[in-house]
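A.B. asks: Take a look at the letters that make up each chain.
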Amino acid sequence: MAMNIPVVNGWRNSEIETRLRMTNGFFYFEDGPFQCALMARALVSMRVIRRTSREGFATTVEEAAAADSRMRLVINGSFYPSDPRGAVMPSSAPLFGNVFDRMAGIAIYGTKMEQAACLYLDNGKNPRWNFAIGEPPSDCTAGLGGLIPLIIGNVPVNDTNRRYAKAKQYGNGTRFGRLAVACDEKYLLVMLQPDGAKDGLAYDRLRDKLAGGQE
Amino acid sequence: MTDAVLLDGSDSVMMYWDGVWKSKQSARKNTFTTIGLGFFYAPGSEPTTVEVELVP
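Protein sequence lines correspond, in order, to chains Y and W.
As numbered in our numbering, the first sequence has no gaps in its residue numbers, which increase by one up to the final residue, 215.
As numbered in our numbering, the second sequence has no gaps in its residue numbers, which increase by one up to the final residue, 1056.
Keep in mind that the hints were calculated from the coordinates and are not lab data.
A couple of the hints might just be wrong.
Here are a few chain W residues that face chain Y, going by a calculated C-beta distance under 8 Å [claimed, not checked]: (1) Met-1001; (2) Ala-1004; (3) Val-1005; (4) Leu-1006; (5) Leu-1007; (6) Met-1014; (7) Thr-1031; (8) Tyr-1041.
Heads up, simulated DSS-like pairs for lysine-lysine below, C-alpha to C-alpha not over 30 Å straight-line [to be verified]: (9) Y:Lys-125 - W:Lys-1024; (10) Y:Lys-125 - Y:Lys-186; (11) Y:Lys-186 - W:Lys-1024; (12) Y:Lys-166 - W:Lys-1024; (13) Y:Lys-168 - Y:Lys-112.
For each residue, glycine too, the CB sits at the ideal point set by N, CA and C.
Produce the entire structure from the sequences given, and follow the hints as far as they go.
C.D. replies: Here's what the structure looks like:
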């Protein structure tokens, strides 16, 4: 059932807290066109899902989820500097940014540019999430570089960031599919705007929505 | 939110939640994408279930 719980205003209310408890820390809801997965940050771990054969990525996803009963959510990841048509082998698909997964032994070095990273570090004592400008370190538990920054360290990104500005030039329409990963001190939020959404948001308004503006 | 980033967008976006496809990629991107992210219960955080023997 679709729920119209605003991500910005009031989402940190008692209802959300209750639903997170009822759903053991992983809560899915819809907010207008947005598909949202809200997670209790302290309960969540992250890993890289990598396609290693010519199968479609959907098959990779389904098999990875079926193989791990703890898995609750899978989303797509990296950007690609080239976009060839037809099936490609993973080895011939260059990436923006670096990709690391310590447990899976994944270490991919992509092309560099001014960009953001999302990474998870678990040293067994104090797991933490980190969003930053730059590349993930090779010793992180799981990390993805080459991403578009929206908010870093509680500061909304603007057009002075080349990656953000270039992304807007590439396609700033309100119907573009967009996929954000966001966090604060308690929650991790994945928010997906479907490609072709009628009431979607362009970059600035999506950033402002996540930062706490009115939408 | 204090931090947020965007992953690959357009017709690349997909979400697989609890064994159900909420959004799927275009057929072309399905053949091209090689990297995704999985979110799961951290070790020791998964909910526990207690098996109870039912007495007729």
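A.B. asks: Now tell me, hint by hint, if it's right for this structure.
C.D. replies: Tested hints:
Contact between W:Met-1001 and chain Y, as hinted, is supported at the beta carbon level, the nearest pair being about 4 Å apart and thus within 8 Å. Here the hint on W:Ala-1004 is kept, as its CB sits about 4 Å from the closest CB of chain Y, short of 8 Å. With its C-beta approaching chain Y no nearer than about 4 Å, W:Val-1005 sits inside the 8 Å limit, and its interface hint holds. Here the hint on W:Leu-1006 is kept, as its CB sits about 4 Å from the closest CB of chain Y, short of 8 Å.
At a threshold of 8 Å, the smallest CB-CB gap from W:Leu-1007 to chain Y is about 5 Å, leaving the interface hint in force. The beta carbon of W:Met-1014 comes within 5 Å of a beta carbon in chain Y, closer than 8 Å, and the hint placing it at the interface holds. For W:Thr-1031, the suggested interface contact is upheld, since its CB lies about 4 Å from the closest CB of chain Y, less than 8 Å. For W:Tyr-1041, the interface hint holds, the least distance from its beta-carbon to any beta-carbon of chain Y being 4 Å, beneath 8 Å.
Taking the CA atoms of Y:Lys-125 and W:Lys-1024, the gap is about 36 Å. The hint is violated against a cut of 30 Å. With a C-alpha separation of about 17 Å, the suggested pairing of Y:Lys-125 with Y:Lys-186 holds against the 30 Å cut-off. Of the supplied pair hints, the one linking Y:Lys-186 and W:Lys-1024 holds, its CA atoms being roughly 29 Å apart against a limit of 30 Å. Between Y:Lys-166 and W:Lys-1024 the CA atoms are separated by roughly 25 Å; this keeps the pair inside 30 Å, and the hint holds.
Between Y:Lys-168 and Y:Lys-112 the alpha-carbon distance is near 19 Å, which keeps this suggested pair within the 30 Å criterion.
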